[in-house]
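There are 2 protein chains.
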Amino acid sequence: MVVNVAIVGVGLVGSEFIAQVIATQSKKIAVVAVANSRQFLTSPTPLTASWKTDLDSSSASKAFTLDSFTASLAASKATNPTVVLDCTSNETVAAYYPTWLESGFHVVTPNKKAFSGDLSLYKKIKEIANGAPGAPLVYHESTVGAGLPVINTLNDLINTGDKITKIEGIFSGTLSYIFNNFSTLDASAEPVKFSKVVSVAKDLGYTEPDPRDDLNGMDVARKVIILGRVAGLDLTQETVNVENIVPEVLRSLSSEEFMKKLPEFDNHFEQLNKEAIQNGQVLRYVGLVDPVHGKSSVTLARYPASHPFASLKGSDNIIAFTTERFPSPLIIQGSGAGAAVTAFGIYSDILKIADRTQQ
Amino acid sequence: MVVNVAIVGVGLVGSEFIAQVIATQSKKIAVVAVANSRQFLTSPTPLTASWKTDLDSSSASKAFTLDSFTASLAASKATNPTVVLDCTSNETVAAYYPTWLESGFHVVTPNKKAFSGDLSLYKKIKEIANGAPGAPLVYHESTVGAGLPVINTLNDLINTGDKITKIEGIFSGTLSYIFNNFSTLDASAEPVKFSKVVSVAKDLGYTEPDPRDDLNGMDVARKVIILGRVAGLDLTQETVNVENIVPEVLRSLSSEEFMKKLPEFDNHFEQLNKEAIQNGQVLRYVGLVDPVHGKSSVTLARYPASHPFASLKGSDNIIAFTTERFPSPLIIQGSGAGAAVTAFGIYSDILKIADRTQQ
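Protein sequences, first through last, are from chains A and B.
The numbers in full-length UniProt numbering rise by one with no breaks, and the one at position 294 of the first sequence is 294.
The numbers in full-length UniProt numbering rise by one with no breaks, and the one at position 359 of the second sequence is 359.
Since the hints were made in silico from the structure, they are not lab data.
Just so it is clear, the structure is predicted and the values come from calculations on it, not from any experiment.
Certain hints may be false.
One copy or two, it doesn't matter: identical chains are merged, so the pair holds either way.
[Said to hold, decoys possible] Cross-link-like lysine to aspartate or glutamate pairs, in silico, EDC-like; alpha carbons within 20 Å at most:
| # | residue 1 | residue 2 |
| --- | --- | --- |
| 1 | Lys-202 | Glu-264 |
| 2 | Lys-28 | Asp-355 |
| 3 | Lys-196 | Asp-186 |
| 4 | Lys-28 | Glu-127 |
| 5 | Lys-261 | Glu-208 |
| 6 | Lys-27 | Glu-127 |
| 7 | Lys-77 | Glu-208 |
| 8 | Lys-163 | Asp-67 |
| 9 | Lys-313 | Glu-257 |
| 10 | Lys-295 | Asp-219 |
Sequences are here, hints too, so could you generate the full structure?
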C-alpha cells in the first residue's frame with residue numbers, strides 16, 4: 001500500500017518534489033493530483049514525468065477551487081492514506097488545513113503561514129492533529145531551515161521531556177549571505193560596503209524582489225514564531241521583538257529608490273561593523289526563542305570569532321538548541337533554502353507518514 | 001495502547017532511560033521488564049521508581065539467560081508491540097537480535113556491536129527488519145553521537161534518494177576533548193603537553209580506564225563502519241584504515257606503564273601540532289566515510305581555523321554530511337556522550353516505534 005499525495009502549488013518546490021519521487025521510483029509514495037491556482041488534475045494512477053504538460057493541456061484538468069480539488073480526492077482517500085502537500089505560500093490554503101484534517105487527509109507543507117499566523121488557526125490544527133492513534137498527521141519540517149532536521153529534532157526534544165532553555169539561529173539564507181560577507185574577522189577578506197553586498201545578493205537572486213522584505217526581519221520572525229510554538233509558547237507577531245534593519249527613512253520609498261539611496265547608509269552599517277570587529281566579534285542577524293525569560297526576538301547581534309555563528313559560510317542556516325540535556329547546544333547547520341533541500345524535507349516528512357500509516 | 005519496553009542492561013544509560021520515562025509520565029511507553037547479567041524481573045504493570053530494589057531483592061526475580069528472558073516476554077508481546085532495548089555493549093546480546101526480530105519484537109539499542117561487527121549479522125538484521133509493512137523495526141540512533149540526530153538524518157537522506165559524497169566527523173567525545181585542548185589557534189590558550197591533556201581527560205573520567213582504548217581509534221572505526229553501512233557500503237574492520245596514535249613501543253605496556261611513558265612522546269605530538277599551527281591549522285582525530293573513492297578511514301588530520309571542526313569545544317561531537325543536495329555540508333554537532341543524551345536518543349527511537357505501531 002502506498003501513500004497518495006495531492007499537491008497544491010507546483011512551482012519550483014512542488015515540481016522538484018515530484019521529480020525526486022519519480023527519480024527514486026518510490027514504492028511508498030504516489031503523486032495522484034496536482035493543482036496550480038487555475039486548474040487541477042487528478043489521476044487514478046501515479047502521475048508521470050509528463051504531469052506538467054498534462055496539467056496545462058489535458059482536457060481532464062478542471063477549474064481549481066479548494067472545495068472542488070478536495071472533493072476530487074474522495075476516491076484516493078477511500079483507497080489509501082492521502083497527504084495534501086501545500087507547496088504554496090498562500091494564507092487561504094493554510095486556513096483550509098482544518099477542513100482537510102477533519103476529512104481525514106494528512107497535511108505536509110513548507111508553507112509557514114498556518115504555523116506563524118493567526119494563533120487560533122494553529123491551535124485548531126494541533127487540536128485535530130493531536131497525536132492520538134488514528135488522528136491525522138501534520139509535518140512541516142521545511143518551514144524552518146528547509147530540509148535541515150530542525151522541527152523533527154525539536155519535537156524529539158520536547159516529546160522526551162527535555163527542557164528548552166534557548167533556541168537561537170540564523171534562519172534566513174539571504175541575511176546569512178549578507179552578513180557572512182559583510183562582517184568577517186578574516187583579515188584576508190576584501191572589505192565591502194553594505195549596500196554593495198545587498199545589491200550583489202539581489203543580483204544573485206538570493207533576496208526577495210525587494211530586499212527590504214528580507215531586511216525587515218519579518219521572515220525570520222515567522223520562523224521564530226514557528227519554533228516557539230513547537231516548543232510550547234504562544235508566540236505571535238505582536239510578542240516577538242523584531243529589529244527592522246532597513247533605515248527608517250528608506251522604508252516608504254519605491255523599491256528602486258531604496259536601492260539607490262541605500263549607499264547613503266553605508267557609514268551607519270560600517271560603524272556597527274567596526275565596533276564589532278574591534279571587539280573580536282562579527283555581526284549576525286539572529287532569531288531567538290527564549291522561554292526562560294519569555295523574550296523572543298529578531299536582532300542584529302554580535303558573536304565572537306570562536307562562536308559557530310561567526311564561522312558560517314555562504315548562505316547557510318544554523319540553529320542552536322540549548323536544553324537541560326544539551327547545556328553545550330545541539331547545533332544543526334547547512335543549506336536552508338532552495339528547491340532541492342526544501343523538497344528533501346517534504347519527501348522525508350511524507351515517508352514518515354507512510355511509515356506511520358502502514359505498520 | 002502503549003509500547004512495552006523490556007530492557008537488557010540497566011547500568012547508567014538503562015537507568016537514566018527509565019528515569020526519563022517515569023519523569024515524563026509517558027502515555028506511550030511502559031517499561032515491563034529489566035535485566036542485568038544475573039537476573040531479570042518482569043511485571044504486568046509498568047515498573048515504577050523502585051525497579052532497582054525490586055530487581056535486586058524481589059523474590060519474583062529470575063535467573064537471567066537470553067532464552068528465559070525472551071520466553072518471559074510472550075505475554076507482553078501478545079498484548080502490545082514490544083521493544084527489546086539492549087543497553088549493554090555485549091556481543092552475545094547483539095547476536096541475539098535476529099532471534100528477537102524473528103519472534104516479532106522490535107529492537108532499539110545504543111550497543112554498536114551488531115552494526116559494526118560481523119557483516120553477516122548486520123545483513124541478517126537488515127533482511128528481517130526490511131522496512132516492509134508489518135516487519136519488525138530496529139532503531140539505533142544512539143550508536144553514533146548519542147542522541148544527536150545522526151542516524152535518522154542519514155536514513156532520511158538515503159531514503160529520499162540523495163547521493164552521499166562524504167561523511168566526516170569527530171565521533172569520540174574523548175578524542176574531541178583531547179585535541180580541542182591540545183591543538184588550538186586561540187593565542188590566549190595556555191600551551192599544554194599531550195600527555196598532560198590525556199592524563200586530565202583520564203582523571204575527569206572522559207577516557208576508557210586505559211586511554212589507549214580511545215587513542216587506538218577502534219571506537220571511532222566502529223562508528224565509521226556503522227555510518228558507512230547505513231549509507232549502503234559493506235564496511236568492516238578490515239576495510240577501514242585506522243591510524244592508531246598510540247606510539248608503537250607503548251602498545252604492549254601495562255596501562256600504568258603506558259601513562260608513565262607517554263610524556264616521552266610529548267615532543268612527537270608537539271611537533272605535529274607545531275606543523276599544523278604554523279599553517280593556520282589544528283589537529284583533529286576524524287572518521288571519514290568516502291563512498292566516492294571507496295576509502296573510509298580514521299586519521300589524525302588538519303583543519304583550517306575557519307572549518308567547523310576547528311572551533312569545536314569541550315567534548316562535543318560533530319558530523320558533516322556532504323551530499324548531492326548539500327554540497328555545502330549538513331552539519332550536526334553537540335554532546336555525543338553521557339547517559340542523559342544517550343537515553344534521549346533511545347527515548348526518541350522508541351517513540352518513533354510507538355508512532356509507527358499505533359496509527
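Quick rundown of the hints versus the structure:
Only within a single protomer do Lys-202 and Glu-264 lie at most 20 Å apart by alpha-carbon distance; the minimum there is 18 Å, versus 58 Å between protomers. Within a single copy, Lys-28 and Asp-355 get their C-alpha atoms as close as 9 Å, and across copies as close as 17 Å, so both meet the 20 Å cut-off. For the identical chains of this complex, Lys-196 and Asp-186 are intra-copy neighbours only, at 18 Å inside a copy versus 32 Å across copies, given an alpha-carbon limit of 20 Å. Taking CA atoms no more than 20 Å apart as the test, Lys-28 paired with Glu-127 passes between copies only; the shortest distance there is 18 Å, against 28 Å inside one copy.
Taking identical chains as interchangeable, the C-alpha atoms of Lys-261 and Glu-208 lie at most 20 Å apart only when both belong to the same chain, with a minimum of 18 Å there against 62 Å between chains. In this assembly of identical chains, the alpha carbons of Lys-27 and Glu-127 lie at most 20 Å apart only when taken from different copies (18 Å versus 31 Å within one copy). Proximity of Lys-77 and Glu-208 under a CA criterion of 20 Å is satisfied in neither setting, with 37 Å inside one chain copy and 55 Å between copies. In this assembly of identical chains, the alpha carbons of Lys-163 and Asp-67 never lie at most 20 Å apart, being 41 Å within a copy and 39 Å across copies at closest.
For the homomeric pair Lys-313 and Glu-257, neither the shortest alpha-carbon distance inside one copy (30 Å) nor that between copies (46 Å) is at most 20 Å. Proximity of Lys-295 to Asp-219 under the C-alpha cut-off of 20 Å is restricted to the intra-copy arrangement: shortest distance 18 Å within a copy versus 42 Å between copies.
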